[in-house]
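Here the protein sequences line up with chains A and B, keeping their order. Number 30 in our numbering belongs to position 29 of the first sequence; there are no gaps in the numbering. Number 53 in our numbering belongs to position 52 of the second sequence; there are no gaps in the numbering.
Keep in mind the hints are simulated off the structure, nothing from the lab. You can take every hint at face value.
Note: identical chains are not told apart, hence a pair may lie in one copy or across any two.
Calculated cross-link-like contacts (lysine-lysine; reagent style BS3-like; alpha-carbon spacing at most 30 Å): (1) Lys-347 <-> Lys-238; (2) Lys-238 <-> Lys-285; (3) Lys-348 <-> Lys-238; (4) Lys-273 <-> Lys-348; (5) Lys-450 <-> Lys-413; (6) Lys-168 <-> Lys-334; (7) Lys-348 <-> Lys-274; (8) Lys-348 <-> Lys-285; (9) Lys-238 <-> Lys-357; (10) Lys-347 <-> Lys-285; (11) Lys-389 <-> Lys-6; (12) Lys-13 <-> Lys-377; (13) Lys-57 <-> Lys-79; (14) Lys-347 <-> Lys-273; (15) Lys-347 <-> Lys-274; (16) Lys-357 <-> Lys-273; (17) Lys-450 <-> Lys-389; (18) Lys-274 <-> Lys-357; (19) Lys-36 <-> Lys-165; (20) Lys-6 <-> Lys-112.
Next come the chains, spelled out residue by residue.
2 protein chains.
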Amino acid sequence: MNQWKEYQQQNKERFLNELIDLLRIPSVSARSEHKDDMLACAEAMKQKLIDAGADKAEVYKTAGHPIVYGEKIIDASKPAVLVYGHYDVQPPDPLELWHSGPFEPVVKDGKLYARGSADDKGQVYMHVKAFETMTATNSLSTNIKFIIEGEEEVGSPNLATFVKEHKDLLKADVILISDTSMLSLDTPSMDVGVRGLSYIEVEITGPDRDLHSGVYGGAVANPITILAQMIASLHDKNNHITIPGFYDDVVESSAEERKLMAEAPFDAEAYKKDLGINELWGEKGYTTNERTGIRPTLELNGIWGGYTGEGSKTVLPSKAHAKISCRLVPNQKSEAITELLINHLKKITPPYVDIKIMVHHGGEPYMTPIESKGYKAAAKAIETTFGKAPIPVRGGGSIPICSLFEQELGIKIIFMGFGLDSDNLHSPNEKFDLANYYKGIETIPYFHKYFAEE
Amino acid sequence: MNQWKEYQQQNKERFLNELIDLLRIPSVSARSEHKDDMLACAEAMKQKLIDAGADKAEVYKTAGHPIVYGEKIIDASKPAVLVYGHYDVQPPDPLELWHSGPFEPVVKDGKLYARGSADDKGQVYMHVKAFETMTATNSLSTNIKFIIEGEEEVGSPNLATFVKEHKDLLKADVILISDTSMLSLDTPSMDVGVRGLSYIEVEITGPDRDLHSGVYGGAVANPITILAQMIASLHDKNNHITIPGFYDDVVESSAEERKLMAEAPFDAEAYKKDLGINELWGEKGYTTNERTGIRPTLELNGIWGGYTGEGSKTVLPSKAHAKISCRLVPNQKSEAITELLINHLKKITPPYVDIKIMVHHGGEPYMTPIESKGYKAAAKAIETTFGKAPIPVRGGGSIPICSLFEQELGIKIIFMGFGLDSDNLHSPNEKFDLANYYKGIETIPYFHKYFAEE
Numbered sequence: 002m003n004q005w006k007e008y009q010q011q012n013k014e015r016f017l018n019e020l021i022d023l024l025r026i027p028s029v030s031a032r033s034e035h036k037d038d039m040l041a042c043a044e045a046m047k048q049k050l051i052d053a054g055a056d057k058a059e060v061y062k063t064a065g066h067p068i069v070y071g072e073k074i075i076d077a078s079k080p081a082v083l084v085y086g087h088y089d090v091q092p093p094d095p096l097e098l099w100h101s102g103p104f105e106p107v108v109k110d111g112k113l114y115a116r117g118s119a120d121d122k123g124q125v126y127m128h129v130k131a132f133e134t135m136t137a138t139n140s141l142s143t144n145i146k147f148i149i150e151g152e153e154e155v156g157s158p159n160l161a162t163f164v165k166e167h168k169d170l171l172k173a174d175v176i177l178i179s180d181t182s183m184l185s186l187d188t189p190s191m192d193v194g195v196r197g198l199s200y201i202e203v204e205i206t207g208p209d210r211d212l213h214s215g216v217y218g219g220a221v222a223n224p225i226t227i228l229a230q231m232i233a234s235l236h237d238k239n240n241h242i243t244i245p246g247f248y249d250d251v252v253e254s255s256a257e258e259r260k261l262m263a264e265a266p267f268d269a270e271a272y273k274k275d276l277g278i279n280e281l282w283g284e285k286g287y288t289t290n291e292r293t294g295i296r297p298t299l300e301l302n303g304i305w306g307g308y309t310g311e312g313s314k315t316v317l318p319s320k321a322h323a324k325i326s327c328r329l330v331p332n333q334k335s336e337a338i339t340e341l342l343i344n345h346l347k348k349i350t351p352p353y354v355d356i357k358i359m360v361h362h363g364g365e366p367y368m369t370p371i372e373s374k375g376y377k378a379a380a381k382a383i384e385t386t387f388g389k390a391p392i393p394v395r396g397g398g399s400i401p402i403c404s405l406f407e408q409e410l411g412i413k414i415i416f417m418g419f420g421l422d423s424d425n426l427h428s429p430n431e432k433f434d435l436a437n438y439y440k441g442i443e444t445i446p447y448f449h450k451y452f453a454e455e
Numbered sequence: 002m003n004q005w006k007e008y009q010q011q012n013k014e015r016f017l018n019e020l021i022d023l024l025r026i027p028s029v030s031a032r033s034e035h036k037d038d039m040l041a042c043a044e045a046m047k048q049k050l051i052d053a054g055a056d057k058a059e060v061y062k063t064a065g066h067p068i069v070y071g072e073k074i075i076d077a078s079k080p081a082v083l084v085y086g087h088y089d090v091q092p093p094d095p096l097e098l099w100h101s102g103p104f105e106p107v108v109k110d111g112k113l114y115a116r117g118s119a120d121d122k123g124q125v126y127m128h129v130k131a132f133e134t135m136t137a138t139n140s141l142s143t144n145i146k147f148i149i150e151g152e153e154e155v156g157s158p159n160l161a162t163f164v165k166e167h168k169d170l171l172k173a174d175v176i177l178i179s180d181t182s183m184l185s186l187d188t189p190s191m192d193v194g195v196r197g198l199s200y201i202e203v204e205i206t207g208p209d210r211d212l213h214s215g216v217y218g219g220a221v222a223n224p225i226t227i228l229a230q231m232i233a234s235l236h237d238k239n240n241h242i243t244i245p246g247f248y249d250d251v252v253e254s255s256a257e258e259r260k261l262m263a264e265a266p267f268d269a270e271a272y273k274k275d276l277g278i279n280e281l282w283g284e285k286g287y288t289t290n291e292r293t294g295i296r297p298t299l300e301l302n303g304i305w306g307g308y309t310g311e312g313s314k315t316v317l318p319s320k321a322h323a324k325i326s327c328r329l330v331p332n333q334k335s336e337a338i339t340e341l342l343i344n345h346l347k348k349i350t351p352p353y354v355d356i357k358i359m360v361h362h363g364g365e366p367y368m369t370p371i372e373s374k375g376y377k378a379a380a381k382a383i384e385t386t387f388g389k390a391p392i393p394v395r396g397g398g399s400i401p402i403c404s405l406f407e408q409e410l411g412i413k414i415i416f417m418g419f420g421l422d423s424d425n426l427h428s429p430n431e432k433f434d435l436a437n438y439y440k441g442i443e444t445i446p447y448f449h450k451y452f453a454e455e
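Construct all of the structure, not just a fragment, from the sequences and the given hints.
Below, the structure written as C-alpha cells:
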C-alpha cells in the first residue's frame, strides 16, 4: 500500500521525535520515587493515542501505576485487535556504564539510545504510529484496542484485577504484542513462546551485628561464605539445576522441534565476540538456542553483603543477600517452582545462620500456536515487508501476562517483536535501531489488513 | 601510689571529655574525603601530648596520613618506653545500624559509644592520661615516647619508611601497645600473640555488559554464580581451608599450650547469646579460642554484584566482586599467603570468566615472650590494680606493624589491652566501657614504675 509508505516517509522525523519525548520520562516502575513520572508517562501515552486517531483513550487508576487504554471501533462486525504493551521501564543502574543519560535519548549510527527505547516504549509506539498511518489514510481494516500498562517490569501486580473488571472493554479476536526481538532484519523471526519467571530475594543472617573478622573470624559462620556455598550447590557440574523436582513438569521438546531450532542461524564466534566472553556456558547436552529457549534456568540477579566500599575493612558481616530468579518453560508453574526454590533453600540453610526469603513477581510460560489465524497474518505481514517469512523461535524472556490474557479473555497472543537481542534490554546503553523502528511501523498495518481479510 | 589515684579522681571528668573531643573527629583513613579530618586529628593528638607534659611533640608528614610523635626524656640513663597507637578509625558503615552517630560520642550505661572509642583512640588516650598523671605528680620513672599513626586501619603503608628514617628518635627498651582486648575486668588477660593478615579484592567479569537474564540466562556464565562457586570451594566440609600449601608453615601449638588455652574461661552459651547465633562454626578439631587464636582463617569481608536495589531486576550482571582476607598465625608469611591465594583463585577461575585481583594491605603474625622484662612489668601492673595476674591469650586480630618494629628497632612489644571483645570493633555501635578506660589509666603508670625498677 503505497499511501502507507508515502505517509510514513513524510512523517518519519516526527515519528522519531515523538518517541524521544516519551523516552525522556523516567518511568521506572520499580522505584517509588518515580510515581509522578509514571503518571506523567501514562497521560502522555493517552494523548498520543488520541492524536493518532483513537475515538477514546483513558488513564485508569490501579492500586499501583495506572493503565492506559485507547480504542477505535470502526465496525462491530470487523475483527478486533488488542495491542498490549508497557510504558514502564527497568531501573537504569548501573548508571556509570551509560555513555549518555538513560533518559536523555541520543541517536548515534542509526541507533536510538535510551532506557525503554526497545523495551518497550519504542515497540509500543510502532503500533501507535502504524495506527496513525491507517487512520490518516482511511485504511484501518480492523477494530483496534490498546492496553498499555505501567507495571510490566515489576510483574503486573494489578493487571489481573483490571482485566477481570474490564472483560468487555478488552474483548478482541487476537492480542498483538511487540515486546520481543527478532534474529535480524535479514533473518526475520517471531517468538512462538516465552519463558515463565520465579523471582525471590534471600537474606542470610549470621551474628546479629557486623563483627571484627580478626576477633571472631574462624569461630563464627560468615553469612557471605554460607550464601556462596548455598548458591554454588544450586547447579551441578553439568550446570543442571539441583533442586529436587525442578525439572519434573518440563515438557521436553521433540527431536523435530529441536531440529527446526537448530536451523535458526547461530554464529557462536559472533555471539561470543558481541558479549566479550571467552567461552559459552550452560546446561550440558543443549545448544545455546535451546538453553535460552526450551530449558529452564536459575540465575543470580544480584548479591551483596559486608563491606563494599573503597579500600579494605576487616569485617565479618551480619548479613548477606541475593536476588535469584528462574526462567520457566511450558508446563512449569511459577508458584510451584517458587515454592520448590524456597523450600529447597530453607532445607540447605545450615544451622549457623538464619534465612529470610522474599518473593518478587513471577509469571507463567506461554506458547503461541503457529497454525493460528493471528500467527499466519503476522508471518504474512513480515514476509510482505521483509521479503521472507519469519523463522519461529522460542524467546528466552518472560511476558507474565500472557497466560492471564488467555485465561480471562480466551484469546491467543501473537508476538511480533522488532527489536534485536543486542538492544541491551535491562542493561546500560539500551538502544533500538531506527531501521527496526521504521520497519515495525511499516509492517504492522499489513498485519491488520491480512487479519481482517482472513 | 595514692597521689596517682587522687589526681585521676580529681580529673576523671576532664579525662572523659578530652577523649570525646578526639572521637568527634571522623578520622577514617580508608576514605580519601577524610584527608583533612586526619590532619585535624593528628594536630589534636599532638596538642594533647604537649598538654600532658611532653617536652616536644610533632606531626610528621608522610606519603599518606601524618604520624604524631611526642616524648619526654627525664634521664638518658633510665629505660625508655615507646607507646604505639593509632588515631585513625575504620569506616563507620553500615551507618543505619548505629544507634547514635559514629562521630557523636554518647555515654550510656557507663559505656562510651563512638567509632574509635576502643579502637584505638580510647586506648591511646589512656596512655596520654597516664602520662599526664605521672608528670603532674612528678613521678614519671621512665623516658617515654609516643608514636601515634594514622594508617593502621589501612595497613600502615608509610610507617616502615618513617621508622627506618627515625631509628634514633624511636630508640627504646620496650614498645607498649594498647590495641587489643582482655577477657573481662574480673578476668584480666594479656595478648601474647596477634595474627597476621592477607587481604585481597577479586573482580570476576563475564559478559562485557549487564545482560537480560531472560535473553541470555542459561547460555552465558553468570559472574555471581561463578564467584559463589569459587568461594564455596575455599573451605571443605570440615571448614578446613582448601588452598594447597595454606597450612604448610603453620606452627602447630603444643599440647601444653592448648591445655593452657583451654583453661581460659569460655562460656559457649553466653558467647552465642551475645552474638545472636544458633551454633558455633569453625575448623573441625579446634575449640573456639583456638579457632580465633592459633589457627589461620579465610573470611569474606564483602561481596557485591548485579542489581542490589529495591524490587527486582532481571539482569545477568557483567561483574561480581568480593573482598577476601586471611588471618595468619606464627611462621606464616603474609606475602607468601597472598601469593598462594592469588595463584589458587586464578587457577580455579573457569574459562567462562576473567578474574582481576587487587592486593590490599597485609601484615605478619607476632608473638611476644612471656619471660620478657616488659611482659613481667605489665603482668605485675595488672596484678596490682586488678588484684589478679593476667591470663596470657592469643589475640585473633592483627597488628601488622609489630614485626616491622622488631625488625627495625630490635625491641619487643607488649600488648596491654583494656578493651573487651564485645566492644564492636569495626562494627556499628563501637563502644569502650568507662570502667576499662579508667582502669587502664590507673594501671599504666605501674607498668612504667615496675619496668624502671626491674
